[in-house]
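With the hints as a guide, dock the two chains, each given alone in a separate frame, to form the complex.
Chains as they are written, first to last, in the numbering used here: chain S, 1 to 256; chain Z, 257 to 562.
Quick list of the computed label-pair ranges, beta carbon to beta carbon: (1) S:Pro-179 x Z:Asp-378: 50 to 60 Å; (2) S:Ala-142 x Z:Asp-345: 57 to 67 Å; (3) Z:Asp-378 x S:Asp-103: 41 to 51 Å; (4) S:Ser-180 x Z:Asp-540: 49 to 59 Å.
Keep in mind that the hints were calculated from the coordinates and are not lab data.
Every residue gets a Cβ at the ideal spot worked out from N, C-alpha and C, and that includes glycine.
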Amino acid sequence: MDLKKEYRIKLVSKEFLNSDTCYLGFECPDIANTAVPGQFVNISAGTVFLKRPFGIASTDKEKGIFYIGVKVVGKGTSEISLFGIGTEVDCLGPLGNGFDFEDYDNVILTGGGTGVFPINFAYETLTAAGKNVTVCEGFRNASQVILNKPSYILTTDCGDCGIKGTVIAGLDTIDITDPSKTIVCCVGPIPMMKAVNAWASGKELKCLVSMEQRMACGAGICLCCTVKVKDDGPDGYKNVRCCKDGPVFDGKEVVW
Amino acid sequence: MVSSPLNVNVGNVSLKSPLILASGTCNFGRELAEYYDLSILGGISSKGLTIKPRAGNPGVRVAECDSGMLNSVGLQNPGVHYFIENDLDFMKQSGAGVIVNVAGHSFEDYIDMVTTLDPHKDKIDALEINLSCPNVKAGCMTIGSDPEAIKAITAKLRNLTDLPLWIKLTPNVTDIKATALAAQEGGADAVVLINTLMGMRIDIRTRRPVLTNNTGGYSGPAVKPVAIRMVAECSQVLDIPIVGCGGISDYKDVIEFMIAGASAVEIGTACLIHPALPVKITEDLDKYCSDNNIELKELTGTLQRW
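Just chain Z, with the same shape it has in the complex (with noise of 0.2 Å):
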């Protein structure tokens, strides 16, 4: 990897560029390459995997908000194995970090996937264990709003591989310090703060949700001050690296994320409307670099307090 100021690390992971793409808005990264050459990217998080592929949720699965807007894709995948055979490779080879998000039904689900994913570390810096997704009816959220669940998850994955794991937490609880502690006692390399906020759209005339899932998950630039506020939190009580994750649309809330105590983020929702935003986010953060002749990675939790 070349020496840059734009260099970060997660725990042992080397990244090139703090900037990774957020899990669900990037699919494998294959479309994305049609727009811009992804080896600038710090990683790419695959879509949420699942052992058997996921159809995913019917009807409308999208509903717009004001700086924002609810999903409810509902983890469609083509499975686990399908991914391994036709996505991993060209991910390896795309030149950002691979990092492959993890969801499950149940403990067992998750147990199977770390073991079907480990025999192919060589391909992989990281698995980002989704206990988060709030679009499906078990698993996932479930499981990330128990701490006592988080802990025990963990620790049993943890035994399966040598691999990264990064817990992707949901910001739909209480206290994220705990959901966040508990992934770190589990054995944890690293959190990713947060996952979309549960919402709901109505459509007046008909009295029904747009979703037709109900409910889904808000995300885009009206979520980042929560996410700011969960990264800032935690930062205080963990001494396992976050990666930041909520909103993040310009090289000013990357360093936002990094000085509350994000060693790299994840970009979303910002990129479903500009695709290659991370183009321009790079350059930015380059210039920002050499600006203040400072190296990205000296932000990181450099918050002052009042």
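Extracted from the complex, chain S is given alone in its bound form (with noise of 0.2 Å):
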């Protein structure tokens, strides 16, 4: 087994998507090369402490690239995206476990936020796997919708494009005709994917969802960003890594 690297990747690309979202392409062939949808890689963020987690949004293999969507939220997220074109950080990536979408002909991606990212990564890559992919988004607003895409059924909290509510108002919208083969993927607001995975229970989909917790190391050693699931010991649940043994799970294993 070759032994995983810390990265120094070097900024090649980046673009405003809104006020305060931007989407930026870094150089890193391993990365590139490897990543698979729902694993995010970390990054150095200019003066802060620890690194930052990403959702890998996309990769272009031929040119050695991966591309994540920055947030602006805080002072991290902040200094990423003031990066300018050829800055270089450390990176370790790419972490975590991805979605499994193997045993399933038809799937369902749905969230919101910067969960548009990793759904855009898993997007790209089930279309070239010649699977037969809807997809679902839900913004507070229009000026919030990033990344959409004619064919995406879209969903508005105040209606003012797409459909009005929330992804729950869209995923409605779609005929479900073999759910044995059909899968839901969500990657959004907690509130969101427990909405989500509520739904697709109800209609006895699968269903994973991408979750998300303050985090410290990423590769699994320190513990800090643990996630709920069931479990058969006395309390019922445990705390399991969110970087390491996540970021994605089976919604139904998870402690809502």
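Written out as structure tokens, the structure is:
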């Protein structure tokens, strides 16, 4: 087995998708060639102490570039959003388990917020593999809509574009013909993933969710980013590592 | 063990290098073996273990700070019996020295732990008795703040095993010399200085602590001067060796700790950011020894006070 590395990666492209979110491309052939949808990278962010985790949004294997989306929410993400082209930073990745779609012909990808980035990577990978993919994304309002394609089902909380309501209103418009061959994958805020998991459960669909928790190492050694999952032991649950055992979990295993 | 200028001894424990992975920052080593060959290390100190499995603290467990971080993991661990079945052999086969970190809520817990581990002494180089975790409600730091309790528990454990006993102490005390001397008087083979400093961060929007446990242990480069001072102070009064710990990020930090009085060191938080950092530090220490024609162990306690 090849040893994992910490890479020195170089920013090669950057565009702002809206007022507070940018899309960054970093040169790193190893990560671009090996990453699978649902995995993430942990990137040094200027002057802050810890690295910051970002779901991989796309890869260009020919050019050896991977992409992430960064929404500015604090000092670390602000500093990353201000990186100039050519900036070099330390990076661990690809990290985490990723989505397993293997046994399913039909995949429903759903989510919102910065969850649309890993969904984008999953969409590109699945369509290239010839799977039947339906995407449903939810945003607060039209100004927040990013990476949306005309074929996607779009919802907004206020209804200023797409269907008015949450992603559940969008998911309800999907005609599910073969539940045993259909899987739902959701990446978004916890309340959204909880609701989507309940929706999928009601339709007897398997639902994978990509959990998020404050993270330190990203490598599974500090046990800071735990997620509560069901367990047969006396407590009825156990804490597992979001970064190493996840971030993707079966929605029915998560203690919501 | 191949002779090298990096070889050090902590009492009668010989280590190929002064670098030990600090408890709680390396789990049992398995994940870091994906990044580098652990056999370069002097040792690995296991995740803090208790008799029964512990789920650890709920909610947010990490809060970033300037030049460091707070954690409140709360000794999440699979329990010592699971460890012996599933992780101890891996640690032994890694080629690094095996340090088992022992935690508990009461004297009885520590006694149970040492009694349970002692039959496996052929796979263990030292027991690190954790009298210093700030993130649990009983035991650990509660015992480790009281010199009489430290002396008493160390003496009890001394009678139960021949394994080297390293007592890991908390910096959250008025006089670190008093707690270190208590460990020595109880029969400790070494002290490990220091565990994390207790701290808090507050979200000014919600006015709630960032950590769900309210408080946590502060680690990282910011705590290094506190740790260096405590190692230097204890070095003046102790006869037993010191393992230094707190904020080590490069080879110069290792040397600084050794000059202050440490025989070996533990590195932790820096590895959360750069998992393979010990590889670089080992190379740099090798170069330092070669450039200065020195063996690292010659540095211990060579502080020239003003």
